[in-house]
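K.L.:
Sequences are here, hints too, so could you generate the full structure?
Take a look at the letters that make up each chain.
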Amino acid sequence: MTARVATGLDLAPADGERHRTLWQDAARRFLRNRLAVIGLAIVVLFLFLAVFADLVAPFPYDKVYFDRVLRFPFELPGHPLGTDEVGRDYLSRLIYGARTSMTVGVAVQMVAFLVGVPLGSLAGYAGGRTDFIISRFIDTMTAFPGLMFSILIISVWGGGITKVIFALSITSWIGIARLTRGQILSLREKEYVEAARCTGVSQNRIILRHLLPNALTPILVSISFGIPAAIFGEAGLSFLGIGINDPIPSWGKMVGVSNAYVRVYWHLALFPTIAVALAMLGFSFVGDGLRDALDPKMIE
Amino acid sequence: MASRHRITNPDNAMARYILGRILSLVLVLFVVSVVTFFLMHQVPGGPFDETKAPLPPAAKENILRKYGLDKPIHIQYLNYMQNAVLHFDFGIPYQQPTTTVTALIAKSWKVTVQVGAMTVLLAFGVGITLGIYAAYHQNSWIDNITTFIAMLGITVPSFVVAMWLILFFAVRLDWLPMGGWNASESCLIGSAFVCTDWIMPVVAYALGPLAIIARYTRSSMVDVMRQDFTRTAKAKGLGNRAIMLRHILRNALIPMVTALGVIIPNLLTGSIFIEAVFRINGLGKFFVTSIFNRDYPMIMALFLLIAFLWSLTYLFTDIVYTWIDPRVRLGAEGGV
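Going down the list, the protein sequences come from chains A and B. So that you can map any letter, position 154 of the first sequence is 154 in our numbering, and since no number is skipped, the others follow by simple counting. Position in the second sequence (from 1) plus 1000 gives the number in our numbering.
Quick caveat, the hints were computed from the structure, so don't treat them as lab data. Cβ coordinates follow ideal geometry from the N, Cα and C atoms, glycine included. Errors might be hidden in some of the hints.
Sample of chain B residues at the chain A side, in silico, Cβ under 10 Å [what the hints assert, rightly or not]:
1) 1021
2) 1022
3) 1025
4) 1027
5) 1032
6) 1040
7) 1166
8) 1307
Which chain B residues stay away from chain A? Per the calculated CB distances, all over 10 Å, these [to be verified]:
9) 1063
10) 1066
11) 1311
P.N.:
Written out as structure tokens, the structure is:
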């Protein structure tokens, strides 16, 4: 089964049974999982809002109306979720907030993937001194207090979306690097890899075609849980007031700022809370669904 | 699992392993200290910038000399580390020049540790209990409640939970104090024995880890309950209690140690948010004010402290892990 995918050879049985790849199997199992599909729908919705915020949002995120400050939902026509403390349409800010959250989440995990996978593969495949050095490096970074470090970095270089992504990326790759190393370490002793080596397949090809595709499953799951973690991180930094700068909206910042008004204007805290929770829920469901769908133990 | 491992005397291997880890702990602290020191001196503006109170040049020079800020940065670093390592002297906090960093931390660490310890107790106590019940009564109402709490804890950040708790229990119902910690008016017996101002911070803080623990416990219980040895134990007529305690729980709790190893270090730094929302004067709050005040000695000391505790808990859980699960082999860390 694994060997079939890894070698890329067509080993479809001759007895007429339709050839199915691991990914087709996984997709089928994923789509049969109700929660996973709900999660996927939420994620797709948020990604859609993030990409097309300019078209979907009724107002620009920074348009202030000083005559419409702090209105409740539906109090004014055209502002279904009310307005904030300087009279900006809250629905629009929520929609643009999705853009901030998704950008940070995806970008941080992209960095994690691009740093963690090569580093982990190198350590796992090369072994010896290379492995020792990289592993010690990973251990050292694990002991870095990531959150405090993010705060320090942002206070040094200032807030803003790129700085937040950078600050959160510093520790985000560690888990993926460790995971990849472990995977490669166990996979490289497998018979099919030995077979490939014996038939003179080049090292790069072994890593890229034989090892990585098989190691990808847990990495993918880790990324799908890493995205909400990064969204959480951004919300936290912005909540403390040092993440995303005004006037760019961020759900975490919206909750933080609303702290001063929330006793009366509950909607200022409620909607960003729901948005964060939904995004988390969506990504966790997708992560759970992916893990179950890609788990070879679950194959019927 | 990794395939490379040396077969040696287990005690010897353990000692070597621990020694190696302690060496890497020292390395970590060194790297953290260097990076933090040089990074924080990059923070725009110095601690004695003149926007607030312009000083005559001579006076400013004096102050800079007093704190050693006139020397090149690597000399400052060496001086600092020399004092810190040899004399346990982490300098004088700029925000409260009448005391020392060590004294300030000594004053505030207890609060953070109290918050953290109660959070760990609540999270693990309730989380494991809920997880066990949910595993035993799958798809019952208690299972559904567990799932709901787990969902809430995983999807809502602690500071948001905190805000909503305040809104309901302090503002609307006026049952609990808005914030503070060990404030005498909120303590039932004397001071700091049982205080109502503990409730909301601990609940808000514990919900996230509690959710993770409950989920973890439930799934690993369900896993173990399906194992052959559980069926064997049932078949040979053992009582439910014995099966649960000796066969299921013991095996199911092994992965919990890893969870502990991740949750506890995170609790150390996560209290920044809780302390901010509930106005608790612990390490987390000092960390934020120190950064805003460019309080170099304080930032440095807090970073070293947290990094030290952080690596220590990692080391500790790894040792416990190898100790309770003989299947884990030392020197081969390839397992996932």
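K.L.:
Honestly, which of those hints from before does the structure not fit?
P.N.:
Those not satisfied are hints 2 and 11.
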